[in-house]
Every structure is written in structure tokens, then in C-alpha cells.
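Asks: If you want the building blocks of each chain, they are given just below.
There are 2 protein chains.
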Amino acid sequence: MTRDRVPVVVISRMVVYLRVLRDAVTAGKEYISSAELGDMAGVNSAQVRKDLAMFGEFGKQGVGYPVETLAEEIARILGHDTDMPIAVFGVGELGTALSRYLISRSKTLEGFSFTVKALFDSDPAKIGTELGGVVISPVCSLPEVCARENIRIGIIAVPAAAAQEVVDLAVVYGIKGFLNFAPAKLKVPPGVRVVSSDVTMVLQELAFYL
Amino acid sequence: MTRDRVPVVVISRMVVYLRVLRDAVTAGKEYISSAELGDMAGVNSAQVRKDLAMFGEFGKQGVGYPVETLAEEIARILGHDTDMPIAVFGVGELGTALSRYLISRSKTLEGFSFTVKALFDSDPAKIGTELGGVVISPVCSLPEVCARENIRIGIIAVPAAAAQEVVDLAVVYGIKGFLNFAPAKLKVPPGVRVVSSDVTMVLQELAFYL
Numbered sequence: 234m235t236r237d238r239v240p241v242v243v244i245s246r247m248v249v250y251l252r253v254l255r256d257a258v259t260a261g262k263e264y265i266s267s268a269e270l271g272d273m274a275g276v277n278s279a280q281v282r283k284d285l286a287m288f289g290e291f292g293k294q295g296v297g298y299p300v301e302t303l304a305e306e307i308a309r310i311l312g313h314d315t316d317m318p319i320a321v322f323g324v325g326e327l328g329t330a331l332s333r334y335l336i337s338r339s340k341t342l343e344g345f346s347f348t349v350k351a352l353f354d355s356d357p358a359k360i361g362t363e364l365g366g367v368v369i370s371p372v373c374s375l376p377e378v379c380a381r382e383n384i385r386i387g388i389i390a391v392p393a394a395a396a397q398e399v400v401d402l403a404v405v406y407g408i409k410g411f412l413n414f415a416p417a418k419l420k421v422p423p424g425v426r427v428v429s430s431d432v433t434m435v436l437q438e439l440a441f442y443l
Numbered sequence: 234m235t236r237d238r239v240p241v242v243v244i245s246r247m248v249v250y251l252r253v254l255r256d257a258v259t260a261g262k263e264y265i266s267s268a269e270l271g272d273m274a275g276v277n278s279a280q281v282r283k284d285l286a287m288f289g290e291f292g293k294q295g296v297g298y299p300v301e302t303l304a305e306e307i308a309r310i311l312g313h314d315t316d317m318p319i320a321v322f323g324v325g326e327l328g329t330a331l332s333r334y335l336i337s338r339s340k341t342l343e344g345f346s347f348t349v350k351a352l353f354d355s356d357p358a359k360i361g362t363e364l365g366g367v368v369i370s371p372v373c374s375l376p377e378v379c380a381r382e383n384i385r386i387g388i389i390a391v392p393a394a395a396a397q398e399v400v401d402l403a404v405v406y407g408i409k410g411f412l413n414f415a416p417a418k419l420k421v422p423p424g425v426r427v428v429s430s431d432v433t434m435v436l437q438e439l440a441f442y443l
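Protein sequence lines, in the order shown, are assigned to chains A and B.
Throughout the first sequence, residue numbering follows my numbering, covering 234 to 443 in sequence.
Throughout the second sequence, residue numbering follows my numbering, covering 234 to 443 in sequence.
Only chain A is shown next, with the shape it has when bound in the complex (with noise of 0.2 Å):
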């Protein structure tokens, strides 16, 4: 199966198992049915035995899951265990937000492998200044700032107009997946993805069923 054909609800709800099944292997949970661990992910026993037969055979007919196991098994399959570096692209006031955020989750939560790595803003008097330890750059150092520190995925936090041109330079520089907070319509090749996160565009999409 390649990963291109799993569909993103389906990945979804396994990052959600996998909160759930964290908290049962910090609770001493050592078994777990599908019909409880759909319970407190939000959706049905069937659901979850669905999603879970994409990737293997995980549960035991009578006994359950076994929670540790499973945790693994798709912390593995959802790439836990190989290193994520991000960059951050604006450090303005959401920017700093949601780098202090990754910076300290990435410190404390276990098989959390995503690690900032590095900032980028054009502000000259935030450049040379850190932020949780890690150095605010200027967006001209990208190509040796991303080959240095092998950047995964980019978060774009910059003003809407200038978000299109920096993710076209971080594209060029090898960055495959992004997280856009800018309230802009990005544009990339095939083989690339965008994820949207627009706070304002959420709202107004909530907001129409009230």
C-alpha cells in the first residue's frame, strides 16, 4: 500500500488512537476493545477495526488490542520514530506562539519527533535573536539553513502576501509538507503538500452552521 493512497480522514483518527492509547498506557491499561477505543476517540467500534485492518493485524478475537503494542505499532506507522525537523516561518506574534508550543511539547511528550529547528523571519532586529533556544534567521539563509538542518516540514506564519513567494523558495529548498496559518491560498506542485490552518477561515466556516 502506498502512503498516497490512505485517505487523510483515515490517518486522522489514527493520530487520535494514538492519543488514546497513550493515555491508557499511562492509566496501566494493558488491553483495550475496539468498541472502548473507538468510545474515546469519537467514532464506532467497526470504525476503528476498518482503519486498523489498512495497516495489519493488531488485536487479539476476545482479548482486544494490546495497548502498548499498538501504540507502537502506529506511532511506526504514522513515522514517529524517524525525526521531523520544522522550520517556522515568521516569528511574529502567532509565529512565536506556535514555536514556543512545538519547542516545549517536543521536550516533554514522548515519541514526539518533531523538532523545531529552525526560525526564519525579516524583521532585522529579531534576526540573531532565540527563541526557545533556537536562532532567528533571515530568510536568505534558508538554503543553507534547511541543507544544515534537513527540514521536513515548513510552518507558514508570515502576512498573507508575502506567504506564496516564501513557500515557493522553501519548495525549491527540498521542504515537502506544510502548515499554513497566513491567510492565503497556497500554490504548490504535485507531490507537495499544504495542510490550511487559517484560525479566521475555521470561524467562518463554523460559523455558517449556527
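There could be a bad hint or two in this list.
Intra- or inter-copy, both count: the list cannot distinguish identical chains.
Unchecked claim - List time: in silico DSS-like cross-link candidates among lysine-lysine, alpha-carbon distance up to 27 Å:
#	residue 1	residue 2
1	Lys359	Lys262
2	Lys262	Lys293
3	Lys409	Lys420
4	Lys293	Lys409
5	Lys283	Lys409
6	Lys359	Lys283
7	Lys262	Lys420
Rather than coming from a laboratory, the hints here were simulated on the basis of the structure.
Assemble chain B onto chain A, guided by the hints.
Replies: Okay, now just chain B, sitting in the frame of chain A:
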């Protein structure tokens, strides 16, 4: 057509169309074709026509859509003409950044009807202080603040362990939509919507495909 029947993906695209149209208004454009609109929104022209047809007839054969009128219509459909008071729960690093961002946006973006009307935190050192002109209140004052400000949407930026409790309380006092930034799966009664936006979970989804 009841609002509940409209798929969230359609609404999500309508929000993007609106943004493209507002840019086109600013650029002085009078008419736009479904192909142009689609190109800027990242979808094909057939999808644009199908989405818009769910809500009415807006274009003229051979001329395209009138930019300004269509923008107004979509804003009305999305409910931007009604006020949407927001409360932010948890004024930590992320909550502060989100609040500042939303407060600044609501002042500058024309037609943006989301207003941060209340901020809640449990830290006695923060209660009574102001952020962007909004006073931080203790969660115990939620009933009176929700009633006074007619809060419609809650943004959850509290730690994971506190999130469900805060949401349960907010639901009791009439909040029907939540944007959740806490790394927790929230349970809500029917008729209440939660959109989750936990950065680490989105990163985990993204990483799978890299």
C-alpha cells in the same frame, strides 16, 4: 435547504471564494468567470459552478459573475451580516496570540463580524487585566458574561485536562460552536459543533505523507 445539510467542504470552499472575490473587488475587477475564480481558489470551474448553484443563480452566461454582488451574497450566505461574539477560554501563550490576532483582524477586516467579547482564565494574576481592550474574567463568571455578551463561539485554548470541563460549562450557557486548540477529543451534545485545530495532531497527519 437546511444549513445542516450543506457539507462542510462546500462551506470551506465558499469561504475561499469569498476571500478571492474580496481581493478581486480591491483590484477593481467587475466580472469573474468560474474558471478564474476556481483557479485562484484551487478548484476546477465545474466545482465552482456546482457549489454556487447550491445557493442560487449568480452568474450570467458568457459574462461571468459580478464580483461585488457575488461577494455580498456569499457573505450573507455565510452569515457575516450577523454579529458573532466570541469568547476565548485560556489566555496562555497560544490563547493570547489567538486573541490578539482575532482582535486586530476584527478591527481591520471589512465584513468580518467575529468579535472577541470575552476572555477567560483561571490564573488570579491574569483576572481583571486587559488584552486588546477585553478584560480577562474568571470561568465562574461565565453565566453572566455569556448572557451579557451573547457569546456564540468559544475558542478553547486551555490545557487538555481542563478542556472538557470548560466546554461542558460553556454548552450549558448556550455556546453552540467551538474551535478547539487543546490536544483533547471533546464530547458535545447533538446540535453543538466542534472543529479541532491541534497543531501537533495536524503535524502528525502531515508527517505520514512525507
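Asks: So, for every hint listed, does it hold in this structure?
Replies: Hints versus structure:
1. Lys359 <-> Lys262: Answer is neither: 47 Å inside a copy and 38 Å across each miss the 27 Å cutoff.
2. Lys262 <-> Lys293: within (16 Å within a copy, 63 Å between copies)
3. Lys409 <-> Lys420: Within. Shortest intra-copy distance 13 Å satisfies the 27 Å Cα cut-off; inter-copy 34 Å does not.
4. Lys293 <-> Lys409: neither (38 Å within a copy, 40 Å between copies)
5. Lys283 <-> Lys409: neither (29 Å within a copy, 31 Å between copies)
6. Lys359 <-> Lys283: Result: close neither inside a copy nor across copies, 49 Å intra and 47 Å inter.
7. Lys262 <-> Lys420: Result: close only across copies, 22 Å inter versus 45 Å intra.
Checked against the numbered hints above, the structure violates hints 1, 4, 5, 6; every other hint is satisfied.
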